[in-house]
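J.: So the chains spell out like this:
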Amino acid sequence: MDELKPRIRMPQHVAAGEVFQVRTILPHPMETGYRRTRMGEKIPRHIVVAFTVHYNDELVFAADIGPGISSNPYFEFHVRASRSGELVFRWEDDRGQVWNISQKLIVNP
Amino acid sequence: MSWCAVPRRAVFCLLAAGLSFIPFQDTRAAEAISGFDFLSQQNQELQQDNFANPGYLWVEAGAARFAEDGCTDCHPQGSMRGVAVKFPRLDTATGLLENLETQINQCRTEQTKRKVYGYESQALLSLTTYISAQSAGLRWSLGSPAGSSGILPVALKTAMDRGEAYFRERRGQQNLSCAHCHEQNAGQRLRGEIISQGQINGYPAYRHVWGTLGSTHRLFAWCNEAVGAEPLMPGNQTWIELELYLRYRGQALKNESPAVRR
Numbered sequence: 014m015d016e017l018k019p020r021i022r023m024p025q026h027v028a029a030g031e032v033f034q035v036r037t038i039l040p041h042p043m044e045t046g047y048r049r050t051r052m053g054e055k056i057p058r059h060i061v062v063a064f065t066v067h068y069n070d071e072l073v074f075a076a077d078i079g080p081g082i083s084s085n086p087y088f089e090f091h092v093r094a095s096r097s098g099e100l101v102f103r104w105e106d107d108r109g110q111v112w113n114i115s116q117k118l119i120v121n122p
Numbered sequence: 009m010s011w012c013a014v015p016r017r018a019v020f021c022l023l024a025a026g027l028s029f030i031p032f033q034d035t036r037a038a039e040a041i042s043g044f045d046f047l048s049q050q051n052q053e054l055q056q057d058n059f060a061n062p063g064y065l066w067v068e069a070g071a072a073r074f075a076e077d078g079c080t081d082c083h084p085q086g087s088m089r090g091v092a093v094k095f096p097r098l099d100t101a102t103g104l105l106e107n108l109e110t111q112i113n114q115c116r117t118e119q120t121k122r123k124v125y126g127y128e129s130q131a132l133l134s135l136t137t138y139i140s141a142q143s144a145g146l147r148w149s150l151g152s153p154a155g156s157s158g159i160l161p162v163a164l165k166t167a168m169d170r171g172e173a174y175f176r177e178r179r180g181q182q183n184l185s186c187a188h189c190h191e192q193n194a195g196q197r198l199r200g201e202i203i204s205q206g207q208i209n210g211y212p213a214y215r216h217v218w219g220t221l222g223s224t225h226r227l228f229a230w231c232n233e234a235v236g237a238e239p240l241m242p243g244n245q246t247w248i249e250l251e252l253y254l255r256y257r258g259q260a261l262k263n264e265s266p267a268v269r270r
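Residue numbers (our numbering), protein chains in the order written: chain A, 14 to 122; chain B, 9 to 270.
In case anyone wonders, no lab produced these hints; they're calculated from the structure.
Do not take every clue at face value.
[To be verified] Residues of chain B clear of chain A, computed beta-carbon distances all greater than 12 angstroms:
| hint | residue |
| --- | --- |
| 1 | N61 |
| 2 | R73 |
| 3 | T117 |
| 4 | A144 |
| 5 | Q182 |
| 6 | N183 |
| 7 | L221 |
| 8 | Q259 |
[To be verified] Just some of the chain B residues that point at chain A, by a computed CB distance under 10 angstroms:
| hint | residue |
| --- | --- |
| 9 | A60 |
| 10 | P62 |
| 11 | G126 |
| 12 | Q130 |
| 13 | L133 |
| 14 | Y214 |
| 15 | W218 |
| 16 | G222 |
All C-beta atoms, glycine included, are put in the ideal place defined by N, C-alpha and C.
Could you build the full structure based on these sequences and the hints that come with them?
T.: Right, here's the structure in full:
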């Protein structure tokens, strides 16, 4: 899935103290490991296992992810704006692949 | 719209003028219904959400690839509105029907001097999705501007008739044709599902059955396997003719690409 990139949607500017929504989606097959091919062979598990979001180095969202989450996992959450800075999004899967995206945030006092 | 009411005099004049166009009788079902109307409310909302709809992962990838692969040398970014709905159309050079995938690969080899992309490769899917999405809300024009008013060039009509023949031909262990499910039994249940009309106005579409996005040819292969038939190779002429017939059959519908389907 190298063709596809994670997407983030969040405002670029917020007022200090405002709560804003962050939406994220990661391209990933999220293969459960329980499926079989038509020939009966097991399709190996391949899933994202962890997702964290840091806002200026403070953890604001984290998820331990299992095979029950469907493909191209989507997460949305809310954050309260404090200082301008950066949100860093990090996904890791069970084969060691890591995705790191950061998005700037401007907070108006 | 009564297309068969074209007066004979007009037909004679057209043929006499040396034009190889034929008005034809409209044999379609009374109402074309999009696969959207067979979705659960959740999936309808998912399709209409241009962030959560996973199909947009391919639209964004396609936009990046469109620039990277030199398409922007001729086509400015975002300038492809109306393009996807011209296909399938006749390639005047080869006489074969071509679909959007064919055209993209042709541009790659002839214009940008690159190699073709494999039919269901992520690269080609991202380009077709990116280009199709720019025609969202438009109707198909059946290979020519005149086609949408019930008049087609003879060669195109012939290809469309073959597409319709495929649609009505029984195949596979189940010995069923497309028409058996999608025409005779659209709206009825197949186990827990309600059978749709099998329209393709949402393709390339994100299909939950696959957990990913796929092309019309991937859908046709899946349908073939569903009746226990050996699927043809993706990109073949027979399926492009079928596409042409299906575009005619669903002409009242608007492009919903990238749609979400079950």
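J.: For every hint, state whether the structure bears it out.
T.: Status of each hint after checking the structure:
no., hint, verdict
1, N61, "violated (9 angstroms)"
2, R73, "violated (7 angstroms)"
3, T117, "holds (20 angstroms)"
4, A144, "holds (18 angstroms)"
5, Q182, "holds (16 angstroms)"
6, N183, "holds (20 angstroms)"
7, L221, "violated (9 angstroms)"
8, Q259, "holds (31 angstroms)"
9, A60, "holds (6 angstroms)"
10, P62, "holds (4 angstroms)"
11, G126, "violated (12 angstroms)"
12, Q130, "holds (4 angstroms)"
13, L133, "holds (8 angstroms)"
14, Y214, "holds (8 angstroms)"
15, W218, "holds (9 angstroms)"
16, G222, "violated (13 angstroms)"
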